[in-house]
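Colleague: Line order of the protein sequences matches chains A, B and C. Numbering that gives the first Met the number 0 applies: residue 0 is where the first sequence begins, and numbers increase by one. Numbering that gives the first Met the number 0 applies: residue 0 is where the second sequence begins, and numbers increase by one. Numbering that gives the first Met the number 0 applies: residue 0 is where the third sequence begins, and numbers increase by one.
No wet-lab data here; the hints were simulated from the structure. The C-beta atom is built at its ideal place from N, Cα and C for all residues, glycine as well. Some clues are possibly wrong.
Here are the computed distance ranges between Cβ atoms for each label pair [stated by the list, open to error]:
1. Thr13(C) - Gly140(B): 20 to 28 Å
2. Ile78(A) - Val98(C): 51 to 59 Å
3. Tyr163(B) - Leu256(A): 38 to 46 Å
4. Leu284(A) - Asp170(B): 53 to 61 Å
5. Leu256(A) - Thr231(B): 52 to 60 Å
6. Thr179(C) - Leu256(A): 56 to 64 Å
7. Glu9(C) - Asp60(A): 54 to 62 Å
One-sided and incomplete, this derived list gives chain C residues near chain A with beta-carbon spacing under 7 Å [to be verified]:
8. Tyr10
9. Ala14
10. Val23
11. Ile25
12. Gly84
13. Ser106
14. Ala124
15. Gln128
16. Gln177
17. Ala188
18. Met190
19. Pro191
20. Thr208
21. Ile236
Covered by chain B, per the in silico footprint, the following chain C stretches (three or more residues, Cβ under 8 Å) [to be verified]:
22. 139 to 148
23. 192 to 198
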Amino acid sequence: MISSSSNISSRSKGDYLLSGTVRLLALMAGGLLLLVVSFLIHESWPALQHIGFWRFFSDPDWYPTEDSYQLTPMIWGTIWATAGSVLLASPLGILSALFCHFYAPPLLSRWYRRMVELLAGIPSVVFGFWGLVVLVPLIGRWHPPGPSLLAGILILTLMIIPTIMLVAHASIAHVPVAYIHSASALGLSRWSMIWHIILPTTKVGLLTGILLGLARALGETMAVLMVCGNVVRTPSHLFDPIRTLTANIALEMAYALGDHRAALFVSGLLLMGLVVLFVSMAEGLRHRNTYVATK
Amino acid sequence: MPRARNPATVFLICLFCVCALLGQFPAEAKEEQLVITGSSTMAPLVSEMGKRFESLHTGTRIDVQAGGSSRGIADVLNGLADIGMASRALKAQENDLYGVVIAHDGVTVILHSNNPIQALTDDQIKGIYIGVITNWKTVGGLDAPITVVNKAEGRSTLELFLHYFTLSNRDIKAHVVIGDNEQGIKTVAGNPHAIGYVSIGTAQYDATHGVPIRLLPLRNIPATLKTVREGTFPLSRPLTLVTKSSPAGLMKIFIDFARSSQVHDLILKQYFVPLQG
Amino acid sequence: MSRQSRHVQEYGTTAIIWMAATMVVIPFLWLIGDLLWNGWTHLSWSFVFSAPQNAGREGGIGPILMSTMLIVGVCMGVAVPMGLGTALFLSEYTRHDHVLGRLIRGSLDVLAGVPSIVFGLFGNALFCQALGLGFSILSGGLTLACMVLPILIRTAEESFRAISREQRLSAAALGLSQPTTIRTILLPAAMPGLLVGGTLGLGRAFAETAALIFTSGYVDRMPESLMDSGRSLAVHIYDLAMNVAGGNPNAFATALVLVGLLLIINLFSSWIATRWTSLNQLPA
Chain A
0 MISSSSNISS RSKGDYLLSG TVRLLALMAG GLLLLVVSFL IHESWPALQH IGFWRFFSDP
60 DWYPTEDSYQ LTPMIWGTIW ATAGSVLLAS PLGILSALFC HFYAPPLLSR WYRRMVELLA
120 GIPSVVFGFW GLVVLVPLIG RWHPPGPSLL AGILILTLMI IPTIMLVAHA SIAHVPVAYI
180 HSASALGLSR WSMIWHIILP TTKVGLLTGI LLGLARALGE TMAVLMVCGN VVRTPSHLFD
240 PIRTLTANIA LEMAYALGDH RAALFVSGLL LMGLVVLFVS MAEGLRHRNT YVATK
Chain B
0 MPRARNPATV FLICLFCVCA LLGQFPAEAK EEQLVITGSS TMAPLVSEMG KRFESLHTGT
60 RIDVQAGGSS RGIADVLNGL ADIGMASRAL KAQENDLYGV VIAHDGVTVI LHSNNPIQAL
120 TDDQIKGIYI GVITNWKTVG GLDAPITVVN KAEGRSTLEL FLHYFTLSNR DIKAHVVIGD
180 NEQGIKTVAG NPHAIGYVSI GTAQYDATHG VPIRLLPLRN IPATLKTVRE GTFPLSRPLT
240 LVTKSSPAGL MKIFIDFARS SQVHDLILKQ YFVPLQG
Chain C
0 MSRQSRHVQE YGTTAIIWMA ATMVVIPFLW LIGDLLWNGW THLSWSFVFS APQNAGREGG
60 IGPILMSTML IVGVCMGVAV PMGLGTALFL SEYTRHDHVL GRLIRGSLDV LAGVPSIVFG
120 LFGNALFCQA LGLGFSILSG GLTLACMVLP ILIRTAEESF RAISREQRLS AAALGLSQPT
180 TIRTILLPAA MPGLLVGGTL GLGRAFAETA ALIFTSGYVD RMPESLMDSG RSLAVHIYDL
240 AMNVAGGNPN AFATALVLVG LLLIINLFSS WIATRWTSLN QLPA
C-alpha cells in the first residue's frame, strides 16, 4: 500500500489495525474454499474407496442402485449446457452494457439497467418454473420431447446475462472520461471508439464478468433440473434431453444412502475440477492480455 | 469543514442494532420441541398437523424440515431428528426402527386430456415404458411419438411402479426424468403426447382444478382417492412416521395425534387418504 | 475507410446493438408479464402480512418475508465487511501477480462455481451440525454469505484496481493514513463497482433456494430469533410450485412480492450511493 512514510515509527495505529484486519479477512475468505473442498472429499471418500475413481468413467451407465456409476454423459451435459449459455450470454451481455453507456438515451439507460438488476435477483426456481410451463411446451411443439439441451441453454443464458452485463457496465464506467473525449476530438465514430478504445481497456473487467457468469452457469441446479429432461445420455443434438451433474445431485441426494450418496459427492468434486479447469484457462487469458496501467 | 452525517452509516448502524436485538430473544424457556425431517411429499401435511398441534398444546414447537425420505431416516438414526417422514414402507434393513403409518397415497398413470385414449392395459403400459411401443397409434391413439416420463432413481413412487410392473429401472427407456410430482404433472400437461405417473392425490386435485391431465384406470379400477381408501386400487403406498425407538413422551403424543380423527380434514385437504376408523 | 462505408458500419453496429438490447428485454418482459398475469389477482396487503394457511395455498407470506429479510441481513452483514476487507487486501496490499493474491483470487473464482446444493449440504454439515446452530436463520445467512463472497470480492477488487495511481500518491503526499485514504478517497471512487457487486450479491442471496432448504429450513412460522428455522421466499415459491398441489397462484403472487422487494432495495441502494458519493467527494 502506498504510504507517506517509509519510516515505520511514524505509521499510525490505524494503519496497523487495518493491515492486520484485511489480512485476516482475506485469509478467512481464501480458507473457505479449502473448507468446502475438504468437506467434499470427506463425504466422497467411501465411494472413492469402494468404487474407485476410474469406474466413474468406465462403468457402462448410471444406475447407482444397481452398482453402475458412469458420470461421463452428465459431464458432457454440463459442459454443453454451460458452453452454450456462455457463448450466447457474453455477446448479449456486453452489447447490452455498451447499449446502456453509448446508445441509449439517459432515462432508458437507467431503467434498462434497473431491469437487468431485477433479473439478477429472480430465483432460479422462477426461471425453471417459467421455463417448464412456457418454454418447454414451445420447444416441444417444434421438436418433441421439449425438455432438452436447448431449453437448458436458453434458461441459463437468461440467468447469467445480468451478471455479465452488470460487471461489463461497471467496467465501462471506470474508463477514464479523458479517453472518450480524446476519441471524439480525434473524430472517431462511436463504434470505432468502442472497438479500439473501450473494449481493450475494459478487457479484464469483461473477462471477470464472463467468468462469474460461467461459474454461475456451471453451478446452477434448480432451473436446469426443471427444463433439461434429466435423462442420463450424452446429447447428440440440441433437442436431446440431458442431465447435468448439478441436477443429478439435486435429484438423487434426497433419496440416496451410503455409497450412492458418496458417489454424488464425487460428482460434486468432478464439477469443481471442471470449474478449476475453466478458471485457469480464463486466468491464463487474462494474464496475457492485461496491461497493468494502474499499479 | 463540519462532518456531514452520512446516511449510509446511520442506516448500517440501525440495521446492526435491529439484528442484535432480534438475536436477544431466546426461545421461550421450558418449551418442548420436536424436530421432524424427511419426505417433501409429506412435509406440507405434517407441517399443517404440527401447527394444529401447537395451537392445541401451548408451549410446544413442531419444526418440520424437508430433505427427502432417506434423509429423514438417516437423521433419525443420527439423532438429528426426533421423527422421520418416509413416503414408503420401511425396508427390510430398517427393521430396527419403528414405523407408524399415518395416511395412504396412491400412484396413477396420467395422460394429457387431449389424448383420446381412455384406458391402457398393464401390458400396454409396460410396453410403452420399455420402449417396445413408441407411437400412440399402436394402442389406438393418434399418430404421434410417445414421450415417456419417468421418476428419478431412488424415489419411492418409482420403486412402487417398478415393483408392480416387474421391471428394473434399467429396462425403462425414458425421454424425460422428473423429480417431484408437480414437475411430472406440468411436464405431461405441457405435452399432448406424454405419459407419466404421479401421486393420485396431486393428480386428482390438479385435474379438478383445470390442469389438462387425465388419470388412467389401472386394471379397470378408476384412480381415485375413494378406490385407494377402499383398498381396491392396486398401486398404493403408506406415508410413515419413523422413530428410533418406541415413541414416548411428546413424540408419542404427536404421533397419536397424527393418527387420530382430529387430523382427518387436514389429510383430506392435502389429498391423501386418512386411516380407516 | 471511406466515409460511406464508415456510415454503413455505424448504422449496422447501431442496429445490432439495439437488437441485442431488445433480445434481452423481451424474455424479461415476458416473464414479468406471466408473473403479473397469474399472480396479480392474489396479491393484497393481507397476503403480504398474514401467515400462510393450508400449506401455503391460502393465507399469506408475512412470517416468510420476515425470515427472508433476516437471512439476507445476516448474509450481507457478514459478507460485506469480509468482502471489502479481502478486496482491499488483494488490491492494496498485494501486487497483481503476487502468489498469495493469485491463489486467493483463483480460489474465489472456483468457489463461485460450486453448485448451490453442495453449498447447502456443506452449510448443513458446518453450521447446522459442527457448529451446532441447527436449522436456523443464522445457518442460512452464513451459508449464503459464503456463496455471495466471491461475487462481492471480485467486483470490489476490480473497482479498487481501476482507481488511478495518482489518487493514492496524492493521499500519501498529504500524509493521510491508510484508513483515511480508503474511507475518503478509494471507497467513494470505487462506489459504482462496489454497488454492482452488492446488487449482484443481494440478488443471489434472494434468489437462492437449494442452499437454504438444508440450512435455514422449511418452517413457515414467524421467527422469534436468529436461531429459529425459517424459510425464505424462494424456498416458499419452490414448495408451492413444485410440491403442493394447487400452490401455483400463490407461488406467482409470492414471486411478484419478491420482485417488488428487489425493486425497492435497488432503488434505495442507488439513492444511498448517490448521497454517499456526493457527500464525500471534494467539489470539482
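Colleague: Look at each hint and say if it fits the structure.
Modeller: Verification of the hints:
1. Thr13(C) - Gly140(B): 20 to 28 Å: Since the Cβ atoms of Thr13(C) and Gly140(B) sit about 53 Å apart, the hinted range of 20 to 28 Å is violated.
2. Ile78(A) - Val98(C): 51 to 59 Å: Check failed, 30 Å falls outside 51 to 59 Å.
3. Tyr163(B) - Leu256(A): 38 to 46 Å: About 23 Å separates the Cβ atoms of Tyr163(B) and Leu256(A), which means 38 to 46 Å is violated.
4. Leu284(A) - Asp170(B): 53 to 61 Å: violated (47 Å)
5. Leu256(A) - Thr231(B): 52 to 60 Å: violated (33 Å)
6. Thr179(C) - Leu256(A): 56 to 64 Å: holds (58 Å)
7. Glu9(C) - Asp60(A): 54 to 62 Å: Since the Cβ atoms of Glu9(C) and Asp60(A) sit about 55 Å apart, the hinted range of 54 to 62 Å holds.
8. Tyr10: Tyr10(C) check fails; min Cβ-Cβ to chain A is 10 Å, beyond 7 Å.
9. Ala14: violated (10 Å)
10. Val23: holds (5 Å)
11. Ile25: Cβ of Ile25(C) sits 10 Å from chain A, so the hint is violated.
12. Gly84: At 3 Å from the nearest chain A Cβ, Gly84(C) passes the 7 Å test, so the hint holds.
13. Ser106: It holds, given that the least Cβ distance between Ser106(C) and chain A is near 4 Å, below 7 Å.
14. Ala124: Ala124(C) check passes; min Cβ-Cβ to chain A is 6 Å, inside 7 Å.
15. Gln128: violated (11 Å)
16. Gln177: holds (5 Å)
17. Ala188: violated (9 Å)
18. Met190: Violated, about 10 Å.
19. Pro191: Holds. Min distance 5 Å.
20. Thr208: Constraint on Thr208(C) satisfied, holds at 5 Å.
21. Ile236: With a minimum Cβ separation of about 5 Å from chain A (threshold 7 Å), the hint on Ile236(C) holds.
22. 139 to 148: violated (count 0)
23. 192 to 198: Per the Cβ count (0), the hint is violated.
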